[in-house]
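J.: Here is how the chains run, residue by residue.
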Amino acid sequence: MLGLNNKDTLLLIIVAAITLLAPFILNPFPTQSAMAQFNAGYPDLMQRFVIFGIFAIGFNILFGLTGYLSFGHAAFLGVGSYSAVWMFKLLSMNVIPAILLAMLISGLFAVLIGFVSLRRSGIYFSILTLAFAQMSFNLAYSVLTPITNGETGLQLTLNDPRILGQVTTAEGSIPVTSLFGLEMRSTYEMIFGPWSFQFNAGYYLCAIIMLLSFYIAIRIFRSPFGMMLRAIKSNQTRMSYTGLNPRPYTLAAFVISGMYAGLAGGLMASMDPLAGAERMQWTASGEVVLMTILGGAGTLIGPILGAGFIKYFENIFSKINDNILHSWFAFMPDGFENALVAIVHPFVGKGWHLTLGILFMLVVVFLPGGLVEAGQRVAKLFRRRKSEKTSDESAQSKPAE
Amino acid sequence: MTRTNFTRRGVLRTGAVAGAGVALPTIFTASSAAAYTNEPTGGTVTLGFNVPQTGPYADEGADELRAYELAVEHLNGGGDGGLLNTFSSKALKGNGILGKKIEYVTGDTQTKSDAARASARSMIEKDGAIMITGGSSSGVAVAVQDLCQSAGVIFMAGLTHSNDTTGKDKKANGFRHFFNAYMSGAALAPVLAAQYGTDRKAYHLTADYTWGWTQEESIVAATEALGWETVNTVLTPLAATDFSSYIAPVLNSGADVLVLNHYGGNMVNSLTNAVQFGLREKIINNKNFEIVVPLYSRLMARGAGENVKGILGSTNWHWSLQDEASKAFVKSFGTKYGFPPSQAAQTCYAQTLLYADACERAGTFNPCGIAEALEGFEFDGLGNGPTLYRAEDHQCFKDVLVVRGKENPTSEFDVLEVVEVTPRAQVEYAHDHPMFAGGNLGSCNPGA
Amino acid sequence: MDAIILQILNGLDKGSAYALIALGLTLIFGTLGVVNFAHGALFMIGAFCAVTLSRILTLSFETVDPTQTDFLGQPLKVKTTYIEAWFGPEFGGAMIDWAVPLAILFAIPIMIAVGFIMERGLIKHFYKRPHADQILVTFGLAIVLQEIIKAFYGANPIPTPAPAAFKGSFDFGVLLGFEANAIIYPYWRLVYFAFAAIIIGGVFAFLQFTTFGMVVRAGMADRETVGILGINIDKRFTIMFGLAAAVAGLAGVMYAPINSPNYHMGMDFLVLSFVVVVVGGMGSLPGAVAAGFLLGILESFASMNQVKSIFPGIDQIIIYLVAIIILLTRPRGLLGRKGVMED
Amino acid sequence: MGILEVKNVNKRFGGLQALGDVNLSIRENSCHAIIGPNGAGKSTLLNCLVGKLIPDTGSVLFDGQSVLGRTPYEINQMGISRVFQTPEIFGDLSVLENMMIPIFASRDGSFRMHAIENMHNEKAVVERAKQVLDEMNMLDKQHMHAASMSRGDKRRLEIGMCLSQNPRLLLLDEPTAGMARADTNNTIDLLKQIKDERDITIAIIEHDMHVVFSLAERITVLAQGTPLVEDDPENIKGHPKVREAYLGEAA
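Protein chains in written order, with full-length UniProt numbering: chain A, 1 to 401; chain B, 1 to 448; chain C, 1 to 343; chain D, 1 to 251.
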């Protein structure tokens with residue numbers, strides 16, 4: 001289907017189903033229950049899941065396929081966000097031109113940085129991309145404030161021209177981002193018994209774009225071009241002695257993944273029209289590297305899992321405070337309750353970094369292939385139980401998902 | 001885990017049935033039954049405390065959070081009642097707000113605009129927070145204020161000192177109790193002139209971002225008005241940790257005062273470096289060389305250790321103040337936590353009380369009603385003397401403290417001493433003052 | 001002229017810190033082939049060794065002074081340190097005053113132990129793993145170490161002053177015939193520079209003149225051959241890691257008085273020190289040192305007002321700009337060898 | 001006029017004269033071996049032919065066109081394929097994929113942005129790859145991870161990859177170095193078969209005299225960067241200069 005083989009089609013369908021049903025899946029706990037803290041089915045986080053999913057999918061096209069580890073990819077995300085916000089300021093609040101411009105500008109930026117950085121490989125390449133991104137961040141924070149609004153981040157004001165849209169709403173506020181009139185923030189809330197599920201227009205726009213990006217990524221992975229990229233990772237010498245020029249291939253991959261990052265940046269600005277300089281900092285670039293490795297570099301689904309994993313921790317664990325801990329353990333005797341709270345306390349709330357760091361180490365030590373490997377192991381366990389006769393197939397190496 | 005899975009499957013099934021019936025969905029935000037965003041329906045009301053919990057300002061954030069928890073306790077009728085007893089408005093009864101018990105959620109701003117907004121959005125969308133407060137930098141304050149404006153909730157700013165928060169970036173749904181760079185300049189300049197004379201040459205080192213610039217502008221204007229000369233102003237990168245290359249040329253520039261427009265880690269490092277270079281032992285132009293730190297934070301000043309001794313600066317509030325309200329606050333806070341509160345804690349506590357009081361007086365949680373109640377509100381008894389929430393820009397006007405690093409501290413908290421309480425009249429300015437121009441308050445947004 | 005000398009001095013000092021951190025990073029790269037993102041954390045732990053020692057030395061007991069009151073209006077508890085009580089205010093006070101230099105002795109065993117534990121417990125399982133995995137695991141470790149420090153010491157910087165004898169600054173200008181105050185330089189920074197020079201010299205001498213060092217250098221040049229020779233490389237790798245950790249830690253100890261240590265100071269230095277290492281050339285120790293000083297001096301020059309007035313914001317980007325230029329003109333950095341970390 | 005003409009090629013590395021006035025002509029459809037003791041400059045010469053090194057002076061003409069200043073991939077596109085001393089294959093890819101890449105390269109040139117194209121629509125390439133694998137007797141291994149194969153199979157795959165491009169000149173750099181006797185013999189048989197069945201010129205650098213004399217129709221002996229003799233194998237065997245410079249030393 002859609003030019004994919006059965007396995008990829010199945011994967012795409014599963015991802016599509018999960019994404020489209022995310023408002024249910026991410027809100028498994030009734031709103032008033034103590035476990036509701038773990039619900040992630042609210043618009044902001046759901047949007048973040050898929051937007052960072054797009055970012056990581058794109059990063060994986062470069063890193064997973066060619067092995068070039070860019071440490072400056074956040075710069076493209078930032079550039080995309082700035083372009084999109086400028087579009088909202090100058091043109092209109094429609095997200096389509098903003099997203100298109102974000103992809104265009106970040107693509108151009110990627111051509112420029114990629115052309116220079118790809119003259120080197122290995123860690124030299126990583127440091128070149130890091131240097132470009134850090135320069136962009138430092139300048140955006142200071143000298144380029146007229147374009148980027150520095151520390152605060154570029155935001156909309158009541159004085160923006162918006163030549164094709166309204167400058168202010170009838171009530172005198174800044175208009176909100178929309179897709180031909182469909183406001184990105186509009187949300188349907190469905191109450192079902194003790195549960196409530198939120199269906200947000202912005203989320204579904206992001207989700208559809210993410211599925212499209214994912215589909216394109218699958219096609220790239222399975223295309224001759226994708227094979228060439230994997231060949232570059234495997235053996236550049238053989239590549240050039242086979243009559244292939246690695247440079248345009250890597251540059252193309254770099255620009256594609258830069259545009260994915262720009263798309264993610266544009267969507268981020270469309271969901272929340274403020275572009276902060278921090279999203280270009282090296283820690284942000286490092287985050288997408290971590291997402292990809294954590295999920296499983298070079299696999300199709302891995303980066304999305306990694307993105308979800310990290311964003312979940314950042315947004316859910318950081319919000320757990322002692323009050324909530326006490327409410328969880330309230331059923332226990334006081335002494336126990338306090339002891340448990342004291343044990344859990346360092347790992348949640350302001351300690352969410354600690355939990356994340358420990359999990360990084362655990363995953364990489366015990367699951368060298370990232371979260372995807374965990375899935376594969378579980379699947380293998382089931383398969384082995386089901387039948388013993390698959391020895392022929394499992395001996396064959398197959399590219400991981 | 002298995003149980004969770006069963007539940008989830010159950011949800012999926014029932015959800016599908018409900019979806020097929022197209023019966024239940026209701027719309028909210030754009031046009032809904034609720035009169036405003038997150039209108040509290042049950043017996044509780046949720047406030048969102050959005051403070052830095054990770055990153056360099058984590059300690060400041062922790063202190064803010066302590067203050068919020070204390071405020072909630074007092075508002076819900078617990079503890080010793082704190083400033084409810086001294087507050088000039090007597091609308092609060094210690095039974096929550098409008099009879100609803102206060103609950104709160106917390107989040108981590110990471111001192112990043114993006115993360116702060118994400119955290120605030122999750123409080124509004126997931127937890128149903130009706131008010132967001134907190135923060136420890138102007139960038140975050142402006143970014144979150146903007147978010148609250150568009151989401152239709154009230155934002156009570158925490159620690160934010162930039163002129164822009166209630167200047168060019170002011171918003172109808174945002175309110176600031178903390179003082180600002182202009183006030184620092186206006187309060188500090190006369191003291192500087194009195195202590196160091198009017199014939200001084202100043203050299204500014206300024207953190208190269210929005211807050212730094214507004215502070216430099218304010219201090220330069222205020223000191224030059226009193227006869228000082230500004231020899232040079234140099235921008236330093238925010239990421240700088242070693243300021244030696246910026247400080248070394250100061251002595252040779254003919255300046256005899258160094259003004260450090262830095263905050264937090266930058267301030268600690270630049271001040272430490274400056275003292276290391278021995279600037280304070282030098283005699284330039286036949287005068288003792290002096291260093292000024294216009295915005296002091298006691299928590300951060302501790303990081304500079306002995307280097308702060310004798311150095312002048314300004315602050316919003318200090319625990320050694322002897323008015324009844326300050327004493328009451330220090331007592332409540334100190335009894336609960338074992339150490340005195342910081343200025344960040346005080347402003348956050350005050351903001352929470354002010355918000356609750358405005359709800360009571362307005363008789364509603366509707367942001368527009370609250371804004372109306374806060375605009376032009378005159379109050380006293382929160383530790384800063386008689387205070388006005390100005391309607392035009394939602395900035396509080398109150399006395400500003402000029403402080404000095406204490407020479408003989410008696411404890412690790414005893415870092416600063418109050419030199420002068422600059423009266424409110426001296427730091428007031430017109431709301432369309434050029435340093436604050438270019439913004440537009442807009443109209444209040446209830447979000448519905 | 002005086003301004004240039006001044007900035008060279010400043011640059012040497014910044015460069016010392018960069019060079020020391022980069023030296024340890026390169027030792028680990030070169031010998032173990034591991035990308036150690038936790039190296040900045042080692043620097044930070046070093047600085048906190050100084051903090052810890054000064055905390056230990058100032059452990060104190062409380063006596064109530066009825067004449068004074070604390071912030072709650074209760075009688076003030078006055079703290080007296082045990083050290084001063086035991087050894088008398090003079091000697092005890094001197095020990096507290098000299099906490100940072102003393103912390104060198106305190107830090108060496110701690111840092112070596114930390115290095116050993118890190119290498120044996122974690123890093124050694126990653127020699128054969130892809131660099132990406134090494135980055136992830138050491139980054140995770142760095143976060144964990146940071147958070148542990150934060151849990152004990154909080155997020156705010158902690159003042160850790162140098163001994164009183166090193167307070168103030170030395171006037172070089174007068175020495176060179178300039179007017180007073182033209183070129184001043186804090187004593188402690190002179191100490192730091194000299195200290196860095198000694199450590200760098202010591203590491204080089206160790207590698208140059210000891211059998212152990214020779215094996216390690218051979219290992220850096222060609223790991224396989226050394227392995228074939230039947231030399232127990234594993235043990236030496238562990239020792240190398242301990243040494244690198246000690247170098248980073250000592251750099252941190254002595255840096256504590258320059259900038260008050262805080263839990264994330266390692267991350268602040270991490271990116272810069274990676275740039276330094278790469279600009280110097282992967283696996284080249286002299287390259288790392290040279291690049292450290294070069295970038296330190298250029299950074300200082302870029303912060304001069306004269307330079308900034310021509311290129312606004314140049315001090316924000318100078319290091320990265322120089323890194324790009326060097327990497328584009330010299331493919332393997334200043335002194336890098338072929339084939340190291342290029343895959 | 002041979003298909004490859006090397007004229008007066010010199011190459012110095014610092015003080016070392018790696019190649020001195022090398023003249024070499026390789027006839028079309030012949031098998032030409034270049035032998036010589038270690039450090040004779042064989043590999044340097046080879047690198048000058050494929051664009052890895054640029055000679056200081058002299059010219060290298062392939063089919064009348066200069067290859068100097070061209071990159072390895074351009075030279076490959078002209079019709080020269082190279083087999084390395086240690087097999088250079090795409091270890092992370094499957095055997096079939098390894099074989100498809102050179103076929104794509106021959107069809108599409110040095111770069112083509114076929115990112116959205118579907119592998120299913122590349123039947124011709126897949127078929128051709130399978131055909132070559134079949135010729136190499138490797139069709140049963142097509143789904144294997146290339147890196148997990150034996151060294152002999154890797155060599156076989158590499159040669160197959162080069163042949164799939166129908167090169168006019170195949171350069172072999174010590175194709176049997178480090179191989180077991182059986183693998184060596186297999187490789188010799190394979191190369192013999194190629195030589196017999198195809199219109200192809202083969203240039204081989206080799207240490208192993210067994211291999212050289214099994215395959216070569218013409219031999220050039222290189223010593224200290226200069227061609228010593230060029231002659232037919234029978235004459236080389238007994239040539240006194242060669243004995244002195246090479247065989248004598250080796251024996």
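Heads up, a few of these hints could be off.
In the SDA-like style, the derived pairs of lysine to any residue whose C-alpha atoms are separated by at most 20 Å in a straight line are [as the list claims (entries may be wrong)]:
1) K331/B <-> K77/C
2) K406/B <-> G369/B
3) K308/C <-> F317/A
4) K124/C <-> L367/A
FYI, nobody ran anything at the bench for these hints, they're computed from the structure.
J.: Evaluate each hint against the coordinates.
T.: So, going through the hints one by one against the coordinates:
1. Taken as a hint, the K331/B and K77/C pair is honoured in the structure, with Cα atoms around 17 Å apart against an allowance of 20 Å.
2. Our distance criterion of 20 Å between C-alpha atoms is broken by K406/B and G369/B, whose separation comes to about 44 Å.
3. Distance check on the hinted pair: K308/C and F317/A sit about 44 Å apart at the alpha-carbon level, beyond 20 Å; violated.
4. Pair hint K124/C plus L367/A holds up; C-alpha atoms about 16 Å apart against a cutoff of 20 Å.
The structure shown violates the earlier hints numbered 2 and 3.
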